[in-house]
Structure formats: structure tokens, C-alpha cells
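Novice: This is what each chain is made of:
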Amino acid sequence: MSTVLKVENLHVYYGSIHAIKGVSFEVGEGEIVTLIGANGAGKSTTLNTVGGLLKPREGSIEFEGRSILGVAPHKVVNEGMALCPEGRRVFAQLSVKENLEMGAYTRPASEIPETLETVYEHFPRLKERQSQMAGTLSGGEQQMLAMGRALMSKPKLMMLDEPSMGLAPILVDQIFEIIEALNKAGTTILLVEQNAQMALSIADRAYVLETGRIVNTGTGKDLLNDDSVKKAYLGG
Amino acid sequence: MLAHLINGISLGSIYAIIALGYTMVYGIAKMLNFAHGDVIMVGGYVSFCSMMYLGFPAPLAVLLAMIVCTTLGITIERLAYKPLRSATSLAVLITAIGMSYFLQNAALIIWGANPKAFPNMFKDIEAIEFAGARISPVALVAIVANVIIMVALTLFTSRTKVGKAMRAVSEDKGAATLMGINVNFTISLTFAIGSGLAAIAGVLLCTAYPTLMPTTGSMPGIKAFTAAVFGGIGSIPGAMIGGILLGVIEIFARAYISSELADAIVFGVLIVVLIFRPTGLLGKQIHEKV
Numbered sequence: 000m001s002t003v004l005k006v007e008n009l010h011v012y013y014g015s016i017h018a019i020k021g022v023s024f025e026v027g028e029g030e031i032v033t034l035i036g037a038n039g040a041g042k043s044t045t046l047n048t049v050g051g052l053l054k055p056r057e058g059s060i061e062f063e064g065r066s067i068l069g070v071a072p073h074k075v076v077n078e079g080m081a082l083c084p085e086g087r088r089v090f091a092q093l094s095v096k097e098n099l100e101m102g103a104y105t106r107p108a109s110e111i112p113e114t115l116e117t118v119y120e121h122f123p124r125l126k127e128r129q130s131q132m133a134g135t136l137s138g139g140e141q142q143m144l145a146m147g148r149a150l151m152s153k154p155k156l157m158m159l160d161e162p163s164m165g166l167a168p169i170l171v172d173q174i175f176e177i178i179e180a181l182n183k184a185g186t187t188i189l190l191v192e193q194n195a196q197m198a199l200s201i202a203d204r205a206y207v208l209e210t211g212r213i214v215n216t217g218t219g220k221d222l223l224n225d226d227s228v229k230k231a232y233l234g235g
Numbered sequence: 000m001l002a003h004l005i006n007g008i009s010l011g012s013i014y015a016i017i018a019l020g021y022t023m024v025y026g027i028a029k030m031l032n033f034a035h036g037d038v039i040m041v042g043g044y045v046s047f048c049s050m051m052y053l054g055f056p057a058p059l060a061v062l063l064a065m066i067v068c069t070t071l072g073i074t075i076e077r078l079a080y081k082p083l084r085s086a087t088s089l090a091v092l093i094t095a096i097g098m099s100y101f102l103q104n105a106a107l108i109i110w111g112a113n114p115k116a117f118p119n120m121f122k123d124i125e126a127i128e129f130a131g132a133r134i135s136p137v138a139l140v141a142i143v144a145n146v147i148i149m150v151a152l153t154l155f156t157s158r159t160k161v162g163k164a165m166r167a168v169s170e171d172k173g174a175a176t177l178m179g180i181n182v183n184f185t186i187s188l189t190f191a192i193g194s195g196l197a198a199i200a201g202v203l204l205c206t207a208y209p210t211l212m213p214t215t216g217s218m219p220g221i222k223a224f225t226a227a228v229f230g231g232i233g234s235i236p237g238a239m240i241g242g243i244l245l246g247v248i249e250i251f252a253r254a255y256i257s258s259e260l261a262d263a264i265v266f267g268v269l270i271v272v273l274i275f276r277p278t279g280l281l282g283k284q285i286h287e288k289v
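Taken in sequence, the protein lines are chains G and Y. Everything in the first sequence is counted per numbering that gives the first Met the number 0, starting at 0 for the first residue and increasing by one. Everything in the second sequence is counted per numbering that gives the first Met the number 0, starting at 0 for the first residue and increasing by one.
Pulled out of the complex, with its shape left as it was, chain G reads as follows (with noise of 0.2 angstroms):
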């Protein structure tokens, strides 16, 4: 299994605030990766670092063996990763199949009409609202939205910030289905959630994050039996 995302000794501040401290971990081709914690534990940082959208000041981030650091934010996507924001961050104000097609910005025209079947594939839902504004999208509707608004750039390497956040239990169970699906059709998963117990259960390896350092590792497995983590994040 070769490593598509490798980081290391990751260091980002908020101004003086020294939110990410020496971060390290790698997502395998394939692999769905987590990275789990409370509120304020760093894991959005961490990925809008590798997103693009933060400049981390001291550490090295690889995707596929060559640094991202020096390429410009808004040309991470051409390199193969899509980052699904947290808060989905959809554009209300256009339509559902335009925010597909942003997230297509970077390939030419003539492929988009494929990718845009495919993702339709994976939610049928959004190909009955295609015309809507997407500020009219329930919540569920607009994770879908948002996930599929990442995946239209096929990328090699998703990453998704915590896709939960705020839906139903029943939506849940149908993100993730989808979340694991995706990952069957070719896709490696960057995970972050605060939903440990799902997380776990989908991820092939998950990082424990606490205050900005990682504190724990292993796979999704090992950490859903892991007593520390049961106490800290499963509810005992």
C-alpha cells in the first residue's frame, strides 16, 4: 500500500496561539483515516492546513511523495484532494447543479458532464433538486450537496470535516454508508469527526488529537476497545 498523504511535525498558530503542535500522521491508498477529538483539539485546523486554506509554519505536508506547501490554496484541488468543509459551506445562493459544477472548476468542460452522473449516482436526491438553491437544501441535503460538490474534481484523496455535525441519527447512518461506498469505489478518506463511535467504526486507522498534539493511535478497531478512548469519547 503506497502512502498518498504523508504529514509531518505539522505546527500552525492563530496568530500567537499555537493551535496545531507537531502533528504527524499518513493516509494510505485506499484507507479510510480518522482523526478523532473534542471540540478545539485541533482536527479542522489540521485539515484546512492540508487544504490549503491555513499555512502551517514549520512541518511538511506531502500528497503522493511532493510538498503542497509552496502551491498556491487554490490550486490544492489540482493535485488530487478535495476538502469537504465543516459546516458544509455550500453556496446558497446557487443552484445545486451549479455548485457542482464548481466543483468542477478546474477540469474542462467536456468531462463534466460524466462525473456529474456519477455523483448523481451516489445521491439520487440532488439530481431531483439539481435546480434548486442550495440555501433551500434541508441539512442532510446540503452535507450530500457538499460531499458531492468535492467529489466532482475527482480527487484520489477526500477528506471530510466532520460530516455529522447536526443531522438526524438516520441521516448519520446514511452519510456514512455513503462515506464507505465511496471508499469501496476507488476513493481514500480523510475523516474528522466528533462522532468517535461511527468514525471508528468505518475507519481502517484512526489518530486521537488532544489540544493539538496526537495522543493515540491505532486501528479504528483497537480504538473502539481502547479504554482511554472509550472513557474520553464513547461515553465510558
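Certain hints may be false.
[Stated by the list, open to error] Label-pair restraints from in silico Cβ distances: (1) Y:S85 to G:V70: 17 to 23 angstroms; (2) Y:F266 to G:Q131: 35 to 41 angstroms; (3) G:N224 to Y:R276: 58 to 64 angstroms; (4) G:K74 to Y:D171: 17 to 23 angstroms; (5) G:E78 to Y:P209: 52 to 58 angstroms; (6) Y:G267 to G:R56: 51 to 57 angstroms; (7) Y:K29 to G:R124: 29 to 35 angstroms; (8) Y:S85 to G:S130: 32 to 38 angstroms; (9) Y:P58 to G:Y12: 51 to 57 angstroms; (10) G:S130 to Y:N104: 47 to 53 angstroms; (11) Y:T74 to G:Q131: 39 to 45 angstroms; (12) Y:N104 to G:K54: 36 to 42 angstroms; (13) Y:D171 to G:E25: 27 to 33 angstroms; (14) G:E63 to Y:I66: 29 to 35 angstroms.
Derived by calculation from the structure, the hints in this document are not laboratory data. Even for Gly, the Cβ is constructed at its ideal location relative to N, Cα and C.
Chain G is fixed; fit chain Y onto it per the hints.
Specialist: Coordinates of chain Y only, in the frame set by chain G:
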């Protein structure tokens, strides 16, 4: 009555073209570019000089004014506003006001304080009689230009990839960046379009009211800003409706109430509209679902 209405729509069309610059820049960069009115003045002077001193025909003069203003708009954004992208909005606002005074005083040095009589580029064309009202060619051109610009911009933002990307950037710069959209380029493009339109508005304004001074752009600039707020800032059709309503109100107030009070009435209407509709006539109030 009809003549006043047409004059009002014509003046309003010029306001609408200027208002587009305010509203688009506000929509994308979330800032009020108070130097926008002075770009109109620069457009006026450039077309004046190229017609009077260089002997350019009118269409070429307009084109040159557009090129100069577009370049000026991009340069202003790069030098003055871009370094303040993450600063407080108050700092950007004060910078924009400073830039406005800078342009006025630069014009004062270059062209002097004496008003220049802008040549009438339609002097060979007869005024048109329509149902007993005389319509000047410039009034007609302003209305037609406004309609063409509105249609073109609407098609651009709704149909083209770059236009859709512009709407995406106006909603969420971070998410747009994740899509691979170059936010800095999009902002530059917005300033370019706004300033190019300001040049057209400058020529129309100076042709309709042929006195050109370094302060020529400031009052129409403020009125166009009012029109943009009136129609709902950030909205392209809002700028059109706001501009035309404002022009019609102004001309009618001038004709039937008092020419001294016309401006007071215009701004009074704005205050009343904002009391009842704080987001303007077509302002967007989207309640996002969490």
C-alpha cells in the same frame, strides 16, 4: 411630463451603470469603494483629452477611457485595498475615502480647477420627437447602454463559468478557494468590470451635463451608491431598479417641487426605504439552515 419621465430614466440609467460598480465590488470584496465616483471623473477627463487634444473620434475616446479606467481600477485594488484584505472594514472604508481625495487632487494637479466644457459627441444628431416630448440622443443612448449592460452582466453571472465563480466568491471565499477558484483574480476582475462601466458612465454623464471638474464624479458617485443601497446592495437588478427610481425621483422633484430640494428629497426617500426595508428593495435576506 413624459419628457421628465424619460429624462429621469436616462439620468437613472447613468446612476444604475455607476451603481453596478458599487454593488459588484461590495458583493465580491465586501467593501464600499468610495473612490468609484472619482473613476467616473477620470473617465470623463480621458475621453475629453483624447477628443479635444488628440482628435480621437468619440467611439475611440470612449474605448480609451474604458482601458484607462479598467487599469486604474485594478491598480487601486492591488495597491490600496488588497493589503487590507484581512483588516477591519473601517480601515478599508477610510482608505477608500482617502483614495477618492487622492484621485480628485491628482486631477486638480493634472487638469486644473477650471471647469472644462465637454464636447457634445451627438451634436450632429437631431433630438427625437416622441409623443410631443423631445428626447435628446444622449438620453436615448444612456437608456440603451444601461439595458445592454444589464442584460450582458446578467448573462455573464448566470451562464458563464467565471461569472458563476464570481457569485461563489461573493458567498464564501474559503469554499471558493477549495473549488480551485482564484479569489484574487476574481476580485481584480470585479474591479476591472466596475471601473470599465464607470468610464462609460463618465462619458454619458459629461455629455448630458457638460461641465467637467475634478469633483464631477463625487455627487453622482454618492447618488449611485444611494441607488445601490436603495435597490439592495450586492444585487445587479437592484442597482438597475434603484438607479432608475432615483433618477426619476430626482428629475420630478427638480421639476415639480424645487430644484434646491431635489437632492434632499432623493436622500430622504432612501431613508424612508431603509426604515421599512433595511436590505433595500431587492436586498437578499437568506436564512441559512444549520
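Novice: Next step is simple, just say for each hint if it's right about the structure.
Specialist: Status of the hints after comparison with the structure:
As the Cβ distance of S85 of chain Y to V70 of chain G is approximately 21 angstroms, the hint placing it in 17 to 23 angstroms holds. Restraint check, F266 of chain Y to Q131 of chain G: a C-beta distance of roughly 39 angstroms satisfies the suggested window 35 to 41 angstroms. Distance hint check for N224 of chain G and R276 of chain Y: the Cβ-Cβ separation is about 59 angstroms, which falls inside the suggested range of 58 to 64 angstroms. For K74 of chain G and D171 of chain Y, the hinted distance range of 17 to 23 angstroms is satisfied, since their beta carbons lie about 18 angstroms from each other.
Judged by the Cβ atoms, the range 52 to 58 angstroms given for E78 of chain G and P209 of chain Y holds: they are separated by roughly 57 angstroms. Evaluation of the 51 to 57 angstroms hint for G267 of chain Y and R56 of chain G yields a pass: the beta carbon distance comes to about 54 angstroms. With their beta carbons about 32 angstroms apart, K29 of chain Y and R124 of chain G fall inside the hinted range of 29 to 35 angstroms. At roughly 36 angstroms, the beta carbons of S85 of chain Y and S130 of chain G sit within the given window of 32 to 38 angstroms.
Between P58 of chain Y and Y12 of chain G the C-beta distance comes to about 55 angstroms, which sits within the given range of 51 to 57 angstroms. The supplied range of 47 to 53 angstroms is met by S130 of chain G and N104 of chain Y, whose beta-carbon atoms lie about 51 angstroms from each other. The beta-carbon spacing between T74 of chain Y and Q131 of chain G, approximately 41 angstroms, falls within the hinted interval of 39 to 45 angstroms. Checked against the given bound of 36 to 42 angstroms, the beta carbons of N104 of chain Y and K54 of chain G, roughly 39 angstroms apart, stay inside it.
Checking the proposed 27 to 33 angstroms range against D171 of chain Y and E25 of chain G shows it holds: the Cβ atoms sit about 30 angstroms from each other. One distance hint, 29 to 35 angstroms for the beta-carbon pair E63 of chain G and I66 of chain Y, is violated here, with the actual separation near 44 angstroms.
The structure fails hint 14 only (numbered hints given earlier).
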